[in-house]
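Q: Sequence:
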Amino acid sequence: MQDEFEEQMERDAVAISEQSIPDTSFRSENLNESIEIDNQIPHTDFSEPVKDISTAENINSEAAILATISDYRIRFSPLPPSVLNELKLQRKQAKKAKKHDRREEYKEKRKPDNSKQSTDESPPQPQLKLKKPRLQRLRACATCNNDIFMNSNLIHERSVYCSIACIKNMVLRCRKCCKPNDKITFMDESGTLIQLPNAQIITTMNLEEFLTKEPYVKPFVDFAKLEEDEPKSKVFDSEKGLKKEDAIRAAVKQNIHDQLMKRAKKSKVGVSRKATKELSDQIEIELYRVHKSAKAAKYKSWCADFLFQVTDDNNMFFKNVVTNVYTAKKLVTLTKQEMIINTEESVKFNGTPISSPIKGPTQNRVFAKVKPSPKLSSKPVVSAVDMILGEEGADTTLKHNSHEFDSNCQICLRKVAERKAQMELIEKDREEEIEDRKRRKELGKNRKRENKSPPSRPSRSRWEKTSSRRSLERQSSPRYGGDYDFDDPFSNDQNSPRRDSPRRGSPRDSPRRRNRQGSPPRDFHRSQSFTTTSMPPRHDSPPPHGLIRTPPPGKSFTTFK
12 MQDEFEEQME
22 RDAVAISEQS
32 IPDTSFRSEN
42 LNESIEIDNQ
52 IPHTDFSEPV
62 KDISTAENIN
72 SEAAILATIS
82 DYRIRFSPLP
92 PSVLNELKLQ
102 RKQAKKAKKH
112 DRREEYKEKR
122 KPDNSKQSTD
132 ESPPQPQLKL
142 KKPRLQRLRA
152 CATCNNDIFM
162 NSNLIHERSV
172 YCSIACIKNM
182 VLRCRKCCKP
192 NDKITFMDES
202 GTLIQLPNAQ
212 IITTMNLEEF
222 LTKEPYVKPF
232 VDFAKLEEDE
242 PKSKVFDSEK
252 GLKKEDAIRA
262 AVKQNIHDQL
272 MKRAKKSKVG
282 VSRKATKELS
292 DQIEIELYRV
302 HKSAKAAKYK
312 SWCADFLFQV
322 TDDNNMFFKN
332 VVTNVYTAKK
342 LVTLTKQEMI
352 INTEESVKFN
362 GTPISSPIKG
372 PTQNRVFAKV
382 KPSPKLSSKP
392 VVSAVDMILG
402 EEGADTTLKH
412 NSHEFDSNCQ
422 ICLRKVAERK
432 AQMELIEKDR
442 EEEIEDRKRR
452 KELGKNRKRE
462 NKSPPSRPSR
472 SRWEKTSSRR
482 SLERQSSPRY
492 GGDYDFDDPF
502 SNDQNSPRRD
512 SPRRGSPRDS
522 PRRRNRQGSP
532 PRDFHRSQSF
542 TTTSMPPRHD
552 SPPPHGLIRT
562 PPPGKSFTTF
572 K
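For the sequence shown, my numbering gives the first residue as 12, with consecutive numbering after it.
Treat the hints as calculated values from the structure; they're not laboratory data. Certain hints may be false.
The following label-pair restraints were derived from C-beta to C-beta distances [claimed, not checked]:
{"#": "1", "residue 1": "262", "residue 2": "433", "range": "50 to 60 Å"}
{"#": "2", "residue 1": "113", "residue 2": "20", "range": "55 to 65 Å"}
{"#": "3", "residue 1": "235", "residue 2": "200", "range": "15 to 25 Å"}
{"#": "4", "residue 1": "193", "residue 2": "296", "range": "51 to 61 Å"}
{"#": "5", "residue 1": "308", "residue 2": "405", "range": "43 to 53 Å"}
{"#": "6", "residue 1": "413", "residue 2": "452", "range": "45 to 55 Å"}
{"#": "7", "residue 1": "269", "residue 2": "427", "range": "17 to 27 Å"}
{"#": "8", "residue 1": "413", "residue 2": "318", "range": "18 to 28 Å"}
{"#": "9", "residue 1": "296", "residue 2": "413", "range": "23 to 33 Å"}
{"#": "10", "residue 1": "265", "residue 2": "202", "range": "49 to 59 Å"}
{"#": "11", "residue 1": "346", "residue 2": "269", "range": "20 to 30 Å"}
{"#": "12", "residue 1": "279", "residue 2": "255", "range": "30 to 40 Å"}
The calculated DSS-like cross-link candidates involving lysine-lysine, where the alpha carbons are at most 27 Å apart (straight line), are [to be verified]:
{"#": "13", "residue 1": "439", "residue 2": "426"}
{"#": "14", "residue 1": "120", "residue 2": "110"}
{"#": "15", "residue 1": "311", "residue 2": "341"}
{"#": "16", "residue 1": "277", "residue 2": "431"}
{"#": "17", "residue 1": "194", "residue 2": "224"}
{"#": "18", "residue 1": "255", "residue 2": "340"}
{"#": "19", "residue 1": "277", "residue 2": "341"}
{"#": "20", "residue 1": "279", "residue 2": "426"}
{"#": "21", "residue 1": "311", "residue 2": "285"}
{"#": "22", "residue 1": "330", "residue 2": "273"}
{"#": "23", "residue 1": "109", "residue 2": "99"}
{"#": "24", "residue 1": "303", "residue 2": "277"}
{"#": "25", "residue 1": "288", "residue 2": "410"}
{"#": "26", "residue 1": "288", "residue 2": "347"}
{"#": "27", "residue 1": "347", "residue 2": "306"}
{"#": "28", "residue 1": "426", "residue 2": "277"}
{"#": "29", "residue 1": "309", "residue 2": "255"}
{"#": "30", "residue 1": "194", "residue 2": "179"}
{"#": "31", "residue 1": "107", "residue 2": "122"}
{"#": "32", "residue 1": "288", "residue 2": "330"}
{"#": "33", "residue 1": "347", "residue 2": "303"}
{"#": "34", "residue 1": "309", "residue 2": "341"}
{"#": "35", "residue 1": "340", "residue 2": "273"}
{"#": "36", "residue 1": "276", "residue 2": "410"}
{"#": "37", "residue 1": "285", "residue 2": "330"}
{"#": "38", "residue 1": "347", "residue 2": "273"}
Where is the CB? At the ideal position from N, CA and C, for every residue including glycine.
Using the sequences and the hints, build the whole thing.
A: Laid out in structure tokens, this is it:
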């Protein structure tokens with residue numbers, strides 16, 4: 012079998028050698044032939060054969076033809092390596108050419124010539140405004156105190172004046188302060204005095220010429236005289252006058268308000284403080300509008316007359332003012348005689364006055380003809396003024412919110428009574444507190460006196476009595492067993508035993524007191540913990556069943572059964 016296989020292999024090798032191998036070397040003339048040969052060979056590594064260049068559409072160059080061949084066809088193609096390398100090289104060159112073309116197109120778009128054509132597509136970019144060069148500040152002007160900069164208008168590099176106009180102003184100021192024949196001294200920018208050459212004398216006559224030639228100096232003149240001679244502005248005086256006038260007006264308003272409230276309280280008339288304040292403000296405003304000034308003589312005289320008539324108890328003018336019979340404009344025009352209203356003239360008819368309060372002297376009114384009035388009913392008529400002022404004793408409880416205080420209002424009276432009772436309680440508490448403080452003070456003084464007094468020492472007789480009584484009690488008491496003798500500290504007996512009491516911590520020779528029969532020791536009861544519900548057992552009763560005694564350290568528990 013092996014011999015037959017070897018013979019078959021030799022036959023296949025001879026057949027392959029006899030076959031003609033086609034020329035697949037890459038040339039531009041035989042490119043199509045090599046591709047046809049490649050298509051005829053069975054392909055096992057890829058599925059799709061290479062297309063014939065003759066059937067390709069819209070291919071105008073070798074670079075486009077080579078671009079149609081995919082990378083995997085080049086990689087796994089059965090063509091010789093020389094052909095494959097040539098194809099790869101051409102592909103790289105084609106990519107480089109495309110990249111170069113793109114760059115050139117981008118550069119052409121960025122050129123200024125192309126930007127004019129593309130104005131419709133993109134808006135023009137705004138041009139940046141260049142900042143002006145910042146000028147160097149040299150110094151401040153000696154006249155106007157403005158900054159002097161280094162520019163073409165500068166008089167001199169060291170000039171202390173910004174312009175010739177400032178030089179002229181300086182000369183004018185010097186002429187106002189100095190006499191024509193006065194010698195003027197000069198100083199530089201730093202403030203040091205300068206000596207002029209050749210004993211040169213400068214006065215106000217030739218000052219301007221000198222400063223134009225040498226603008227780097229300034230005259231040393233006391234300009235304070237000029238400021239004193241200048242007239243002071245009247246602005247501050249007017250402001251002071253306005254402030255003073257406003258103060259006068261405010262005082263007049265307050266005075267009118269105070270006098271009205273004082274008369275209302277005196278006459279027991281219920282008026283609102285807010286309404287009275289508004290009325291007084293309106294009266295003063297109208298008075299100022301008529302007389303134009305608070306310092307006018309008529310302004311002051313009318314205020315004096317008005318306040319006098321309001322405070323007069325016999326004059327009923329106050330009622331007409333409070334009840335708004337007169338407006339503020341009308342009140343300002345009233346004279347002193349027109350403000351006088353007697354009680355006879357205030358007789359009412361159907362709630363309205365018969366005669367107007369604004370009338371002339373009373374002599375003319377006596378001879379006036381009085382028309383007979385129609386018969387009235389016997390029922391008295393109460394006017395609106397009397398209802399408001401509360402003079403007829405009418406109950407004004409329902410109108411409590413319309414007045415500040417009314418003697419006919421039950422709510423007002425109740426509040427007054429409550430306030431009075433509250434004040435009495437406060438006064439009573441205050442008096443009690445004062446008395447308590449006095450008592451404490453006296454007790455403190457007594458305690459200080461007691462503490463300051465020296466402690467009293469017991470006398471010998473008292474000590475002997477108490478000591479003998481105590482010794483007898485201790486000897487008779489079974490608590491101490493009757494075996495102890497207590498010595499007397501004041502006794503001179505040498506045979507008396509040595510003082511050795513249990514209180515000194517000495518050992519006690521008497522036997523320990525025995526517990527009662529059947530009672531547990533005292534330590535047992537102290538060691539138990541009880542709740543609020545369980546009561547501790549008696550000392551003479553046996554312990555309950557199951558109680559556990561707390562053992563001392565180093566010993567075991569013992570349970571009582």
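Q: Now tell me, hint by hint, if it's right for this structure.
A: Taking the hints in turn, this is what the structure says about them:
1. 262 x 433: 50 to 60 Å: Hint violated: Cβ distance 36 Å, outside 50 to 60 Å.
2. 113 x 20: 55 to 65 Å: 58 Å, holds
3. 235 x 200: 15 to 25 Å: 21 Å, holds
4. 193 x 296: 51 to 61 Å: 59 Å, holds
5. 308 x 405: 43 to 53 Å: 45 Å, holds
6. 413 x 452: 45 to 55 Å: Roughly 53 Å apart at Cβ, these two residues keep to the hinted range, so it holds.
7. 269 x 427: 17 to 27 Å: 22 Å, holds
8. 413 x 318: 18 to 28 Å: Holds - the Cβ-Cβ distance for residue 413 and residue 318, about 26 Å, lies within 18 to 28 Å.
9. 296 x 413: 23 to 33 Å: 25 Å, holds
10. 265 x 202: 49 to 59 Å: 58 Å, holds
11. 346 x 269: 20 to 30 Å: 24 Å, holds
12. 279 x 255: 30 to 40 Å: This hint holds: roughly 38 Å between Cβ atoms.
13. 439 x 426: 20 Å, holds
14. 120 x 110: 16 Å, holds
15. 311 x 341: Distance of about 17 Å is within 27 Å: holds.
16. 277 x 431: Status holds; Cα separation ~20 Å.
17. 194 x 224: 18 Å, holds
18. 255 x 340: 25 Å, holds
19. 277 x 341: Holds - the C-alpha atoms of residue 341 and residue 277 are around 26 Å apart, at most 27 Å.
20. 279 x 426: With Cα atoms ~16 Å apart, residue 279 and residue 426 stay inside 27 Å; holds.
21. 311 x 285: 25 Å, holds
22. 330 x 273: 13 Å, holds
23. 109 x 99: Distance of about 16 Å is within 27 Å: holds.
24. 303 x 277: Violated, at about 34 Å.
25. 288 x 410: 20 Å, holds
26. 288 x 347: 23 Å, holds
27. 347 x 306: Holds, at roughly 20 Å.
28. 426 x 277: 19 Å, holds
29. 309 x 255: 18 Å, holds
30. 194 x 179: Given that 27 Å is the threshold and the Cα spacing comes to 18 Å, the pair holds.
31. 107 x 122: Holds, at roughly 23 Å.
32. 288 x 330: 16 Å, holds
33. 347 x 303: Holds, at roughly 20 Å.
34. 309 x 341: 16 Å, holds
35. 340 x 273: 23 Å, holds
36. 276 x 410: Distance of about 18 Å is within 27 Å: holds.
37. 285 x 330: 17 Å, holds
38. 347 x 273: 21 Å, holds
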